[in-house]
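2 protein chains.
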Amino acid sequence: MLTCEIVSVGTELLLGDILDTNAQYLSQQLAAMGIAVLHRATVGDNAARLAETVRDALSRSDIVLLTGGLGPTADDLTKEVCADVMGFALERDAQTVEEIRAFFQKRGMPMPESNLKQADLPVGATVFPNSNGTAPGAAMERGGKCVILLPGPPNEMRAMFEQSVQPFLRQKTTGVIVSHTVRTMGIGESALAERVAPLLAGSNPTVAPYAKQGEAMLRITAHADTPQDAEALIEPVLRQIRGTVGEYIYGIDVEDIQHAVVQALRERGLHLATAESCTAGYISKRITEVPGASDVFDCGLVTYSNEMKEKLLSVRHETLQAHGAVSTETAMEMAAGALRVSGADIAVAVTGVAGPGCSEQKSVGLVFIGLADADGVTAVKLETGRTDREYNRYVTASRALHLVWQRLQKM
Amino acid sequence: MLTCEIVSVGTELLLGDILDTNAQYLSQQLAAMGIAVLHRATVGDNAARLAETVRDALSRSDIVLLTGGLGPTADDLTKEVCADVMGFALERDAQTVEEIRAFFQKRGMPMPESNLKQADLPVGATVFPNSNGTAPGAAMERGGKCVILLPGPPNEMRAMFEQSVQPFLRQKTTGVIVSHTVRTMGIGESALAERVAPLLAGSNPTVAPYAKQGEAMLRITAHADTPQDAEALIEPVLRQIRGTVGEYIYGIDVEDIQHAVVQALRERGLHLATAESCTAGYISKRITEVPGASDVFDCGLVTYSNEMKEKLLSVRHETLQAHGAVSTETAMEMAAGALRVSGADIAVAVTGVAGPGCSEQKSVGLVFIGLADADGVTAVKLETGRTDREYNRYVTASRALHLVWQRLQKM
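Protein chains in written order, with our numbering: chain E, 702 to 1112; chain Y, 702 to 1112.
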């Protein structure tokens, strides 16, 4: 099995200015390809420490994959250091120079001369084009070892990995790792793990429970010679999981709840509308992350103040007076109002206390979600038990989307 | 200056199942304390590799701070490995046993016997209580080196760091690191770096340019005996930066553009409304991330379909027919409509092509942003030059917020 180490380069990482999402993404991708990541490192923009880190990594692993430090500024030196460690010379590449000039021309921006530094490529390396930026990537191979350079900006790094690095690495791997992710909502990670406990001991496939932002998941991973063999190993395990916790599963290998909702709406030819107070657009933002969401989503109303709840959604003044904005009654009237205004088939509304500093005497994390369709209006109460605003908003949006999904299963 | 390395332990990290937010948090905390983090590492639950990583880290740095692997299960071996590396014996601690029993009693849960493993403590170490869990932390000191053990769950780790580890480390540090971040918009990282090039060579303070999701920033960092001395070193550099690229700066040490906008609105006692098509709630979601946004934001309208642009914002049918939804004219009518409907003082509207699959013959990344207030309506055209939907939506929302901020500076 091929071994790989991931090295994230950038002083801003060591200062904690940015969160290293690249390392997680690459870990997932490499694991899925059957490449073992045994070690990850983060170093700053320092030539000596970077060189030492790369040498250490090469002494342990077949492949060293670096992200960051390919930029145009003087402190970007990943390429220079790695070329030196691997004994590759750098030479200015005429075609890359043109591509960089074209990139700036296309945007009508003047090209800083310093950007041409990015056209210096290791002679004899495999070069990976950058479809989202000016810094090309590269793979330097020597003595059975391989150093791969990727840019730091996630959108550039991911596009390059998927378009160029994955095919490049595929030629080196033997066998496949197939993995499926079972996504659930409404059950905690430990409860989920307990329910499927007997399966967690398996080695091929392995079943690993994990939690992410209020969702519990099961990752089933099998290693085999062919995809077919791997699927054959997974199939019975998946059947057992469905049998045990089926009622909590909203999708397998589905990206997230918003993708599940958009798909369910499209299958039924239905349209959704949203009315949001505490999430203030988070639900509509997530729905429209899904390509083609315009087929099933026309409008959302963000009514943050009580006045706007009355004006845009016709929530009754008496309701707000009697029960407050954070109440079952308001959630239901918001949902009904959104359904009326939008002419959609189903409407979801949320009102709650996402973070500290709410005018009403309601506890942080208390949320009411209203659901309206031709059959009527319902509402559910949610208590996150957390005070973290972003977490509460995310989980509230997820739960609202899940309620829509559950309702659609009955339509 | 004290040096520290952070080691994150856990196979789930190397598989990419979870994002390592602990490393970022600790990096920020240590930097703020004037402790230099020159290296971070991530290893799995493997005794040999963990021991090697800890030894390497100790050979380079004064302090090695580990998170994770203090749990009750067999694959949790951070404490055992580090005690061995540092030459400390483990002994079951009666008081900790009681605390663990109490923790489970308090929650009315039966205590798995395996949990008592967490009561085995390194003899002679400083023990840190865990207010959110059962695994205590510890600091083992020997020969001028220090190994600190923290639990993996972020809520346990953070509480322990703030309550116990920070005071513990304060006794060891001399001097402080003060750093300020200059946030700009409308200028690229390399162009920004070129404009302030002479400053990038400085060593105290250092000036480092970096880019994040379409924004270029400058981080100024000074090391001194007192915060006052550090500020005195930074002040002239900051003045030079303002003099060179002042027109692009929207804030210094401000969290992000939405915080700058909410602050600018509050200072002027003004209210903002939004009308979103391609961003579909991303702008209102970001505004309401700021605590107290309700003082300046009442409503937003997400009009994804043309019908809803007409119905909710009174965009004229003829306008949509003649120019299309993605046009200057539509953006302006959307902004005017949002201002009218909301009764706000200023309204921003966006319409564009965030990702592939737009019905109109417009290129992906083409966006129009409308701005309306008592003085009238304006619009600007934005071309991201990217096809990445999430990036385009984020950058569009950022630019829209920046336009609001710029407008407010003149009000």
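In short, the hints are calculated from the structure, not lab data. Please note: incorrect hints may appear among the correct ones.
Intra- or inter-copy, both count: the list cannot distinguish identical chains.
[As the list claims (entries may be wrong)] The calculated BS3-like cross-link candidates involving lysine-lysine, where the alpha carbons are at most 27 Å apart (straight line), are:
#1 Lys-807 to Lys-1082
#2 Lys-873 to Lys-1082
#3 Lys-913 to Lys-807
#4 Lys-1111 to Lys-1012
#5 Lys-807 to Lys-873
#6 Lys-818 to Lys-913
#7 Lys-1063 to Lys-807
#8 Lys-818 to Lys-1111
#9 Lys-1082 to Lys-1111
Note that this is a predicted model, so its numbers are computed, not measured.
Hint-by-hint comparison with the structure:
no.	hint	in the structure
1	Lys-807 to Lys-1082	between (51 Å within a copy, 15 Å between copies)
2	Lys-873 to Lys-1082	neither (53 Å within a copy, 46 Å between copies)
3	Lys-913 to Lys-807	between (40 Å within a copy, 21 Å between copies)
4	Lys-1111 to Lys-1012	neither (32 Å within a copy, 31 Å between copies)
5	Lys-807 to Lys-873	neither (36 Å within a copy, 54 Å between copies)
6	Lys-818 to Lys-913	between (40 Å within a copy, 21 Å between copies)
7	Lys-1063 to Lys-807	between (53 Å within a copy, 16 Å between copies)
8	Lys-818 to Lys-1111	neither (59 Å within a copy, 40 Å between copies)
9	Lys-1082 to Lys-1111	within (21 Å within a copy, 44 Å between copies)
Hint compliance for this structure: hints 2, 4, 5 and 8 are not met, and every other hint is.
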